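Line by line, the protein sequences are chains W and A.
Numbering-wise (the working numbering), the first sequence opens with residue 1 and increments by one.
Numbering-wise (the working numbering), the second sequence opens with residue 1 and increments by one.
Everything labelled a hint here was simulated from the structure, so no lab data went into it.
Here the structure is a predicted model, which means the values were calculated and not measured.
The reader is advised that the hints may include incorrect statements.
Said to hold, decoys possible - Incomplete in silico selection of chain A near chain W, CB under 7 angstroms: (1) L28; (2) N29; (3) I79; (4) A126.
Said to hold, decoys possible - Residues from chain A that keep clear of chain W, each with C-beta distances beyond 10 angstroms, as calculated: (5) I33; (6) P41; (7) L69; (8) E91; (9) I94; (10) A104; (11) G110; (12) Q137.
Stated by the list, open to error - Pairwise CB distance ranges (calculated): (13) E10/W to N72/A: 18 to 24 angstroms; (14) V68/A to F12/W: 17 to 23 angstroms; (15) P67/A to L4/W: 34 to 40 angstroms; (16) N23/A to R8/W: 21 to 27 angstroms; (17) G43/A to R8/W: 25 to 31 angstroms; (18) I3/W to E18/A: 18 to 24 angstroms; (19) N14/W to G97/A: 16 to 22 angstroms.
By construction, the Cβ of each residue, glycine as well, lies at the ideal position given by its N, Cα and C atoms.
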Amino acid sequence: MKILRLHRVEYFVNDEEASKVTGSLFTMDGGQLAG
Amino acid sequence: MMKILRLHRVEYFVNDVEEAEVNFSKLLNTKFIDHQEQTRPFGSLSLMNIELGTELVAPVPGGVLDPVLTANGQGILTIVYEVEDINDTREYLIEHGFEILNDAVIPVAGGEVYHQISLTASEQTANIVITYLQVTQA
Chain W
1 MKILRLHRVE YFVNDEEASK VTGSLFTMDG GQLAG
Chain A
1 MMKILRLHRV EYFVNDVEEA EVNFSKLLNT KFIDHQEQTR PFGSLSLMNI
51 ELGTELVAPV PGGVLDPVLT ANGQGILTIV YEVEDINDTR EYLIEHGFEI
101 LNDAVIPVAG GEVYHQISLT ASEQTANIVI TYLQVTQA
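Isolated chain W (complex conformation):
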C-alpha cells in the first residue's frame, strides 16, 4: 500500500448555517465541509 497524501478533512456539522459560519474561516479550498 502506498498513501499519496492527506486528501481532505470532513467536518461533521449540525446544519447548513453552521457550515456557512465555519466556511468564513477559509479563503480557499483547504478542506471540506460535510453535513
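Given the structure of chain W, go ahead and fit chain A onto it with the hints provided.
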C-alpha cells in the same frame, strides 16, 4: 487578508507516542520523524510525517496537555492549515471575533520554525481545534 495555502496536517492525540508510531507506521505504511526533543518544552511528544499530513502527539506526563488527554481521551487534537502570513491571519481571526486558544512559535526538527495560532473549539469550528501555521526557516 488571510490566505490559506493548504491543509498541512492532522494531529492525532494519543496515549503513547511510541505505541502510536507502531500502529500508524502500519496503517499508513510509512515512517515518522521524531520531533519529541523540540516539542517537549511545549508539553507535547511529537512524531511527524508532513508529506502525509500526519502528526502523532502524546502529552508530556504532568504537562499542560496531560489533563486534556485525561478529559477527552484519544482522538483528533487539531487540524492544521498552512497560511501565507501568520500576522495577517491573526488580524483576520481577531477581526472576525474568533477566540484564540494558543499562539506559539515552535522550532521543529530539521531547522524549520512553526508559527501557530489555534482557535478554541466551538460550535463555529464544528468542535474541532483549528490551527493556522506559517512555516519559516530558523
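Looking at the structure, which of the earlier hints fail to hold?
Result: no hint breaks.
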